[in-house]
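Undergrad: As a plain string of letters, each chain reads:
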Amino acid sequence: MPTYNIIQAVNDALRLEMRRDPTVVVLGEDVGRFGGVFRATTGLHEEFGPDRVIDTPLAESGIIGTAVGMALNGLRPVPEIQFADFIFPAMDQIVNEVAKYRYRSGGQWSCPLVIRTPYGGGIRGGHYHSQSPEAHFVHTPGLKVVVPSTPEDAKGLLLSAIRDPDPVLFFEPKRVYRAARGEVPEGDYAIPLGQAKVTRAGHQVTLVAWGAMWHEADQAAREAEAEGIDAEVIDLRSLQPLDVDAVVHSVTKTGRAVVVHEAPRTCGFGAEIAALVQERCFLHLEAPVLRVTGYDTPFPYTLENEYLPRAPRILKALRESIAW
Amino acid sequence: MPTYNIIQAVNDALRLEMRRDPTVVVLGEDVGRFGGVFRATTGLHEEFGPDRVIDTPLAESGIIGTAVGMALNGLRPVPEIQFADFIFPAMDQIVNEVAKYRYRSGGQWSCPLVIRTPYGGGIRGGHYHSQSPEAHFVHTPGLKVVVPSTPEDAKGLLLSAIRDPDPVLFFEPKRVYRAARGEVPEGDYAIPLGQAKVTRAGHQVTLVAWGAMWHEADQAAREAEAEGIDAEVIDLRSLQPLDVDAVVHSVTKTGRAVVVHEAPRTCGFGAEIAALVQERCFLHLEAPVLRVTGYDTPFPYTLENEYLPRAPRILKALRESIAW
Amino acid sequence: MRRPSDVADLRSLRGAGEAEPAEAPEGSAVDGAWPLQRVLRDDGGADPAAVPLPDGETLALYRWMLLSRQLDERMVALQRQGRIGFYIGAFGEEATVLGTAAAMAPGDWIFPCYREHAAALLRGMPLTTFVCDLLGNAGDRMLGHQMPCHEAWRPGLYASISSPIATQIPHAVGAAWAARIRGEEMVSLVYFGEGATSANDFHTGLNFAGVHRVPTVFVCRNNGWAISVPRERQTAAETIAQKAVAYGIRGERVDGNDLLAVVAATRRARARAAAGEGPTLLECVTFRMEGHSTSDDPKAYRPPEVVEPWRKKDPILRLRSYLEGRGLVGEAADAALQADVKEEIQKAVREAEAFEAKPPLETMFQGVYAEPLWQQREQLEDVRAAVAADPRVANPRHQG
Amino acid sequence: MRRPSDVADLRSLRGAGEAEPAEAPEGSAVDGAWPLQRVLRDDGGADPAAVPLPDGETLALYRWMLLSRQLDERMVALQRQGRIGFYIGAFGEEATVLGTAAAMAPGDWIFPCYREHAAALLRGMPLTTFVCDLLGNAGDRMLGHQMPCHEAWRPGLYASISSPIATQIPHAVGAAWAARIRGEEMVSLVYFGEGATSANDFHTGLNFAGVHRVPTVFVCRNNGWAISVPRERQTAAETIAQKAVAYGIRGERVDGNDLLAVVAATRRARARAAAGEGPTLLECVTFRMEGHSTSDDPKAYRPPEVVEPWRKKDPILRLRSYLEGRGLVGEAADAALQADVKEEIQKAVREAEAFEAKPPLETMFQGVYAEPLWQQREQLEDVRAAVAADPRVANPRHQG
Ligand SMILES: Cc1ncc(C[n+]2csc(CCOP(=O)(O)OP(=O)(O)O)c2C)c(N)n1
Ligand SMILES: Cc1ncc(C[n+]2csc(CCOP(=O)(O)OP(=O)(O)O)c2C)c(N)n1
Ligand SMILES: [Mg+2]
Ligand SMILES: [Mg+2]
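The listed protein sequences derive, respectively, from chains F, B, H and A. Just so you know, the numbering used here puts 27 at position 27 of the first sequence, and the rest follows in order with no gaps. Whatever position you read off the second sequence (first residue = 1), add 324 for the numbering used here. Whatever position you read off the third sequence (first residue = 1), add 648 for the numbering used here. Whatever position you read off the fourth sequence (first residue = 1), add 1048 for the numbering used here.
Hints are computed from structural coordinates only; laboratory data are not their basis. Check each hint, because a few of them may be wrong.
Claimed, not checked - Have a look at the derived ranges for each label pair, beta carbon to beta carbon:
1) GLU1121/A with ASP51/F: 38 to 44 angstroms
2) GLU1019/H with ALA503/B: 45 to 51 angstroms
3) GLU880/H with GLU1121/A: 49 to 55 angstroms
4) ARG363/B with LEU985/H: 40 to 46 angstroms
5) ASP51/F with LYS1347/A: 21 to 27 angstroms
6) VAL198/F with LYS1347/A: 44 to 50 angstroms
7) GLU1004/H with PRO192/F: 33 to 39 angstroms
8) GLU47/F with ALA1323/A: 27 to 33 angstroms
9) ARG448/B with GLY831/H: 51 to 57 angstroms
10) PRO50/F with ASP695/H: 56 to 62 angstroms
Quick reminder that beta carbons are idealized off the backbone N, C-alpha and C, glycines included.
Just chain F, same shape as in the assembly:
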C-alpha cells in the first residue's frame, strides 16, 4: 500500500472516480491548469481536460450555482471552495437551493454534488484562512457533512460522498493536509458515511472529535493514559449522518464525555453532541459533557496556539471529567 498524505489521498480519490465515472467533473478557482492552491487537483486537468476540470471565475456563488445545474442535468460535480472561509458568498445557493432541491420538487430532482473545502486553523491563516463552519451546514436539513482526519478515511469517504445521492459538504483538515500521512489502499474502496470510528478503546471517558482535532484528541488520550486515565476516542468522520449510536454506546459505558472542536464554542456542533448525550445517556452520566473548543472570537493570528483546543487543553478537560 502506498503512503499518502491527505492531499494525495484526495487527489487519488478524485482521479479514480473520474476514471470510473465520466459524469464526475471538478470546478473551482485555480483547480484546473494550476491544480489547486493546495495542489489537491494536480494532474486532473492534464488527464481529463478542461471540460471536466474547470477553472472558474472568482465567485463561489457561481461555482455552486452552476454546479447545481450540472447536478440536475446528470453530472456529478465536485466543486472546490478554495478555503472554507470563502464559502459564505455561496451560502444562499447551498442553504436555499442545494439543500432543498430534492424536497421542494417533491423528489422530481435531486442535487448530488460534493463541495470540497479545506477548513480549520493552525496554519497561521488568521480570520480568513482558518474558520471551521461545519455547524452552519449540519443545521441545514438536506445536507450531509463529512470531515476526514486521515488519508485512508479521506479517500474512502470522498469516494462515498461522490457516489452519495445527496449533496455533501466535504471539509478537509488543512492543518494536517501534509502532516497526516498513512497507508492508503490502492484502487477502489468506500467508507460508508455515518459510521464513526472508535480509534482507541477505553472505559473511563469518551472523547469525541473529528478532522484535525481528532489528532489532538488522540494525542491527549495517549498522555492521559500515562496518568492512568483510560479514554475511549471516537472519530465521528461524518457529522451528518451522525453515528449517534456509537457515541451513546460509548458514553453508556464510560459515563463521561468530552467533545472537541475548533469552531467557536457557542452553538458549535459540540453543543448538539452534548444535547444528544444528555438526552440519551442521562442516567449513565457521572459528569456533565464537557466541551473543549475554539473560543468565541474570530480566529486570531498570533495567538492561534492558545486559541486552538489542542492536546494540553483536552487533557485538562479529561482530568476534570474524571475528577468530577
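Place chains B, H and A with the ligands on chain F using the hints.
TA: Just chains B, H and A with the ligands now, with coordinates in the frame of chain F:
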C-alpha cells in the same frame, strides 16, 4: 398607554429614534415610499425623506455591504431584510465583515448597525417565507441576536439595539406581528439586551423560549397548570448576549428544563441551551433537558401546523419531563 | 484615436443586426444601440417577411395566452375566496412567457422564475396538477412542501421554482454546460425579472456563461417593477440589454408584448447558442399590469395613471387584432375559444379540489434526503405520537 | 433605425472625451470606445499640457514608488527567512496604487484590497507600525488579530483589509453615501483586482452607486491575473472599463504603469464624483510581475515569456526616464534616494522587531464586542488557567 401590535411598536421605535438621532437611517427593499411589505417602515419616508429612508436595489449583500460603509462613517443604519429566508445572500458580509470589523481592525473601527428581519413560520409561507436562522448568527462571534415576543419588548429592545455599539440581528416574529397586541409605553424607554424575562413563575419545570414560540410556551404552561404542572416560563428575548444566569437560576430551582424553538432541531440554539444547562446545573437535573423544535426538514407548506412546536407538543414535553 | 470600425466592433455586443424596430421606440440614448425589436405594428399588421410563425401555431399560442390570462383571473378569485393561500400571475406578460417558451426546442430545459406557469402547462403539466400544487393537497406533485406557484414539472424539463430571486440563473447555465459536456445539444432558457438583475446570481450566471460560451438564453421580463421599486431605482442603466456588455455577450431588446417579435428574437438567440456563438441576454420590455402578487396592493405605491398607457398595449389585444386582420378570429370564434378555456379551467379546479386536503404525515419527511436519516425517522414517530395524543397538533382549531 | 447621435449618446457611458491615448494601444475591438489613456510616452517624454503634477510632487511620488518596491523586496526576503509569516506585494503596480491614492483629497476614505500598503504609508501609517502588523507582535495596531498585510489605519482614513475578495467595494459606497447624507464632501476610493469583478460585491457595489450616484472612484487594478487565472478566463469582456455600461456609470481605461496618466484620470474621476456627476469605474491596466503572494509559485501556471514584455514597461523605469529627461534625477541622485529608502526600511524593521513577539493573552478577547460578554470573560480565565497548567498551550514546542 397606546395598544400596539408588534409592527406598530417597531414603527414607533424607528420613528422615535430617527427623530432623536439624525444619524439613524433605514434601508432595504420596498422600505421607502411603500413602507415595507409588512408596513413596518410606514410613514418614515414621508417624515425623514429619501436620504434617510432608502429604497435599495434587490440585493441583500448590497444592503448590508453599503450599511457597513455607512456605519463605519458615522451613521446608524437599520437595514431591513424583507424575510429572514433572504438573509443568506448577505451571509458573507454579515459573517466575514460585520461581525469581524471591530476585532480585525484592532478596535480602530466598529460597525454598529441593526439588521431587522421578519422570521419564522405559521403564515403559510413554505420553505422561503418561514425560516428561523438565528443559530447561524449566535454561532458567529461579534454579532448580537435579539428576538422580541411582545410589542413592548419589540420597541424597548429595538431602541437598545440601535443604540448598542455592536452589530445586532433583530429577528421579528412575523407570525404574531399583528396578533400580539399590548400596551406600549409612549416615548423613550430601553430594555437592556441580555436580560431574560421570567414571564411566569413556577417551581417544577423551566420552559425556555423566545419570539413567536414564547406565546406557545406560555399557552402550554397555562394548560399544564390545569393538569397540576407548575412551569416557570423564561422569555430569553436576547440570545446573544444570553442571560445564562436567569436560566441556570431557574433550572437550579426546578431541576427540569424544556427548550422550544422553530428552527430545525439539529444544531439549533436549543442544543446550546441544553449543553449549558447540563454543564452548569448537572447535579440539580432530575431529567434531561428536552427540546421541542421544528423538525429536521425544510419548512413545509401544507403541514406547517404539524411542523411547528406549538402548545400541544410543548405540553407533551412538560409531562414527559415531569414524569421522567 | 477613435477608428471608424469602433461602432461595428461594438455592435457584436449588441442586438443590432437583424430585426430593425418597426417604429422609433420611446426616446432613449441607447435605443440605437439596443433597438426595441418589434414585428406587430400598432395597426395589427406585420411585415410578412418578419413573421416567424405559421397561422396555425400563432392561433395555438393565442389560445395559450387566453388560458394564461383566464387562469390568473380565476386563481386570484380563488385566493380571495380563501380557497388557495397565495397566487402570483403573469397579467400582461403572456407574450413574453409564451413566446420565449414556444421558441425553444422540446429538449431544452426551462428554468422558471415564478410567473411562467403557462410555460409549465405548454410543456405538458396537467392543469389539474397545477391547481393541486396551488392547493398543496394530496394531488400536489410537490407533496405539499412548497407554497403555491412554486411548481416543478420534470417530464417537461421545467425546473423547480424557489422564492429567492435569481438563484435559478446559474442553474440554467450549469444545466446547459452539462449538456455540452455530455455531448448533447440543449439550450437552456431562464426567466427572471429586471429586479433580479441587481442580484448576485444574475452577475455570476451571465459571467460564467460568457467566459465559457454556455448555450443559455437569458430572458429578462422587464415589467418595470420589483414589487414597489420601479426600474429606475433598480439600475441606472437605461436598458437591461446593455448589461450584456459587462459579460462580453450579446444583448437584445424586444417588445415583450409582441408575441411574434418575442418568438423571432428567442429563436435567433437559441440558434446562436446552439451554433456555439454563446449566450444572449434578451430583455423583453413589458409591464406588470396587476399587483406583485395576491399579497400586494399596488395602490400604495403606484398611481393608476402609470398603468393606463399599457392597457392599449395588451399583448392579447395586439395579437388578436393581428389574427383578426388575417381573418383567423372574429367575435364568434373568440367567444368560443374563451368559453372553451373557461371550461377547461373549471374542470381542473373541480378535479383538483376532489383530492384530500393534506398529503399524509410521512410526506413531511420525504425527500429531505434520498433515504430518511435517524432524525427524520424518529421525528416522524414523534409527530405521529403528538397528533395521536392531541388533534390540535394537526388542527389548531380542533375543539375538545 | 440607427441615429447618428448613438455613438455620442453611448460616449456618456465611456471614458472617451479627455485624454486621447498617446499611441494606438494593443488591438482591441473596444479600444476606440474605452481608449487606454496615457501621458508618458515610451521615450519618457510627455505633452506638457497633459502633465498633472508639478515636478516636486512627481519626484516625491517617485520616492514613494521606490519605497514600495524596496519594501516589497525586503519583506519577501524576511518571509523567506521565516521572520514574517506571509507577504503580498505590489510589484509592478506601484504607479496604479500611488497615482490613485495621491490624486485624492486628504479627507477622502481609502478602501484597500491587499496590495495597497504604499497608500497606507502615504496616508501616514508609520513604517514601523506596518512592519509590526506583519510580525503580529505587541506593536501591531491590529493586536495580532489578523494575518500580515491586513493593516488598517484610521488616522489616515485607510479602512480595514479583509481577505474575502470584493467585500470592501460596497463599504466604500456606503461610506461616501454616509458622507453625502451627513452633508460632508468626501469621495471614497476603493481598490480591487480584475478577478474581483467576478464577485458578487463588485456587482452590488457598482449598481448601488449607479442608482444613487454615490461619489466613489472604483479602481480596478487589472494586473492580468487572479492567482493562476488569466483575465480571459475571468470575463469575456475585452475590458473591465466596459462593465460600467451595466450600471449606467462612467468607465475609463488608463495605462496603470503611467503614474501621470493615473493621477490625471483619478483627479478627473474624483472631480466628477464631487460635482455630483456620479461614480467612475477606472480600469488601471497593469501587470502582476511576481507570484500572487509568498504562498504562490507562478512557474506552475505561467511561462516567464508572458512576464517579459512588461519588464520594459516597469512603472518606476518609465517615471525615472521622464524625470531624467527633465533633469530631475540622474545616476547619483537616484542612488542616494535608493540608499535613503533602504535605510528607512532597515530602521523600521529594527524598531519593529524590538517589540514583544506576542500581544498579551487578553488581546485575544479584545474587540469581539465593545465590552466582552460572559463567554469572553470566562474563556479568558480558561485560557489563562490552561497556559498556567501547561506551557505547551502557548508554545507547542515547549519541552518538560
Ligand atoms: C433574495 C430575495 N430577496 C427578496 C425577495 C422578495 N421579493 C420577491 S419578488 C421581489 C421583486 C422581484 O422583482 P423582479 O425581479 O422585477 O420580478 P417580477 O416580480 O417583477 O416579475 C422581491 C424583492 C426574494 N424573493 N428573494
Ligand atoms: C471570496 C474569496 N474567494 C477566494 C479567495 C482566494 N483568493 C485570494 S486572492 C485571489 C485572486 C484575486 O485576484 P484579483 O482580484 O485579480 O486581485 P490580484 O490578486 O490580482 O490583485 C483569490 C481567488 C478569496 N480571498 N476570497
Ligand atoms: Mg419586475
Ligand atoms: Mg488580478
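Undergrad: Failing hints, ascending?
TA: 2, 8, 9 and 10
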